[in-house]
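Participant: Given next are the chains, with one letter for each unit.
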Amino acid sequence: MADSTPDPTTAGRTVLVVLDRPDRGLRSPARELLTIARDLGEVTAFAIAEPSQDALAELGAYGVGHVLVADIVGDSADAHLAHLTPVAAEALVAAVASTGADVVLLSSSFLNREVGAHLAHAIGAGLVLDTSAVSVGEQGLVGDKRVFAGSWDVSCAVTTAAAVVTVRANAVVAAPAAEPVVVQVDRIDIHPSAAATATVLVSRTEHAQPEGGSGRPALAEAAYVVAGGRGTLGDFAPVEDLADALGAAVGATRDAVDEGWVTHDAQIGQTGVTIAPRVYIGAGISGAPHHRGGMQASGVIIAVNNDPDSPIFEIADFGVVGDLAEVLPQAAQAIRAHRG
Amino acid sequence: MRIVVPVKHVPDIHSDRHLTDAGRVARGSDDGTLNELDENAIEAALQLVEALDDGERATSEVVAITVGPADADAALRKAYQLGVDRAVRLSDDALAGSDVFGTATAIAAVVRRLEADGPVDLVITGMAALDGLASVVPVLLAAELGLPQLTLASKLTLEHGQVEIVRDLEGVTEVLTAPAPAVVSVTDHVNTPRYPNFKLIMAARTKEITVWDVAAVGLDASSVGDAGARTRVLASAPRPPRPDVQLVTDKGEGGLALADFLIRNDLV
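Here the protein sequences come in this chain order: A and B. Just so you know, we're using this note's numbering here: the first sequence kicks off at 1 and counts up by one. Just so you know, we're using this note's numbering here: the second sequence kicks off at 341 and counts up by one.
None of these hints come from the bench; they were simulated from the model. Hints may contain errors.
[As the list claims (entries may be wrong)] Partial selection, computed: residues in chain B whose CB lies under 10 Å from chain A:
no., residue
1, Met467
2, Ala468
3, Leu470
4, Asp471
5, Leu473
6, Gly486
7, Asp508
8, Leu516
9, Val608
For each residue, glycine too, the CB sits at the ideal point set by N, CA and C.
Work out the full structure: start from the sequences and follow the hints.
Facilitator: Right under this line is the structure:
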């Protein structure tokens with residue numbers, strides 16, 4: 001049998017929050033994780049990259065008094081080591097040992113799910129992925145999540161002493177702590193094992209920001225998303241126009257990616273980016289199951305399509321039957337006028 | 341060359357998917373199917389074998405394996421239709437309720453049992469199962485087997501015992517390499533799975549499926565199933581249906597209606 005359920009009355013729960021690239025500042029998923037973590041116990045932040053001054057200041061504002069920075073020490077001058085998920089997991093194993101953490105929270109990217117799985121495997125922890133809420137109660141640590149393309153709610157209790165949880169973006173509204181604190185930075189040297197470095201990262205190329213897209217939020221973490229499909233006929237200008245009026249990220253269907261109209265990074269779906277923004281607007285998208293699986297957990301769903309029988313209208317809160325090339329620019333203009 | 345492809349029997353994503361009272365995915369023979377993303381893994385394995393010269397090809401084998409009750413044979417029959425050489429199912433009451441760790445432990449035991457008959461060069465999986473969508477079983481399998489991992493491949497090559505993949509994820513393109521044997525997961529961009537031909541469809545009906553229980557693969561029953569699970573489903577329920585869509589037909593003011601919907605719901 002697995003370990004018995006931890007006693008919820010046990011004080012002094014330590015929560016380790018994994019920061020993604022804090023050398024580039026804190027991003028909204030990190031703020032959301034820190035907000036959740038504060039309600040679960042004493043928070044320590046963990047990073048493999050050195051946090052920027054801005055990131056440290058923001059950690060203080062979120063009430064995080066302690067940051068543990070892992071320094072990956074390789075045999076070679078291999079700058080790529082930290083990008084291997086087994087290596088990142090070994091760094092976290094050491095961080096859990098050094099902090100005595102009971103709970104580890106990560107944002108829900110593909111790579112973080114791998115890191116979390118390796119970590120949980122190594123320390124015998126329970127793993128709950130893609131949660132929308134995390135709580136501690138009579139049942140110990142509980143993660144709530146949506147399954148089957150957002151059509152079912154499931155609550156999972158972790159039955160081991162330690163828990164590793166990934167949290168999807170926009171799960172909560174981030175809020176700083178009531179009182180800011182001073183942040184202490186500690187460092188830990190990590191010597192990755194041969195097993196963790198058996199895979200070699202030969203090259204790593206960051207994609208250029210799509211043209212005009214540098215000011216847009218990242219798709220995976222955006223609170224607003226405007227997505228285009230086959231119905232755009234390859235012209236994403238109306239989609240981008242409405243996205244910019246709303247401060248939204250631009251997404252797309254698999255079809256639009258395969259046609260080469262947008263980059264692979266924009267693909268929403270079960271095999272692309274899974275999103276749950278506050279508002280999703282789909283234009284020229286019929287609503288195939290694979291796309292729906294990647295966006296159906298969105299807060300408000302709006303669809304624009306010239307076919308009134310498109311399946312996407314079945315899951316939409318609001319829909320316009322019409323030509324997206326007419327509807328989207330008009331909506332963008334009205335929103336800009338409203339915002340002044 | 342010997343390639344093992346773990347596959348999963350999942351509810352069709354077009355069907356009315358649901359959980360049982362115990363919080364497990366309801367799997368029936370009626371609406372169950374081979375996890376679509378596993379077809380890419382099978383295709384990748386077949387292409388690697390088909391690229392070999394005739395001599396090597398004659399001694400090569402692609403083995404599809406799955407974990408589950410007899411209904412899961414439907415997934416293995418589909419794998420036979422696509423052209424795998426052999427199919428194995430691990431079946432035991434002790435496996436019911438396995439979490440991702442139990443699943444990886446069980447698959448690893450089957451791979452090790454297959455290794456007893458001869459070396460395994462590669463394990464190739466799909467990037468995720470379309471029911472759970474956890475996508476972590478491949479790396480847990482690599483950890484269990486002590487093999488290098490190469491995940492989310494959109495390109496895959498194997499030359500001189502070295503596996504190389506290309507992957508695109510979250511704004512980055514990476515090239516990774518590791519010596520075989522290794523565990524590789526492939527995305528739906530890696531290839532286009534073939535359609536089964538009539539001859540293979542007919543032959544798949546009667547091909548043998550090897551069935552092993554946990555004892556046959558040397559698996560400790562307490563490490564899998566409910567007994568080995570580290571999480572427990574407390575509650576599960578279908579979400580209430582969304583209210584009916586408010587549908588507006590554009591007669592020149594559709595965009596204004598859209599903006600108005602956002603404004604009056606305090607969404608801008």
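Participant: If a hint holds in the structure, say so; if it does not, say that too.
Facilitator: Hint-by-hint comparison with the structure:
| no. | hint | result |
| --- | --- | --- |
| 1 | Met467 | 6 Å, holds |
| 2 | Ala468 | 7 Å, holds |
| 3 | Leu470 | 6 Å, holds |
| 4 | Asp471 | 8 Å, holds |
| 5 | Leu473 | 6 Å, holds |
| 6 | Gly486 | 6 Å, holds |
| 7 | Asp508 | 5 Å, holds |
| 8 | Leu516 | 5 Å, holds |
| 9 | Val608 | 6 Å, holds |
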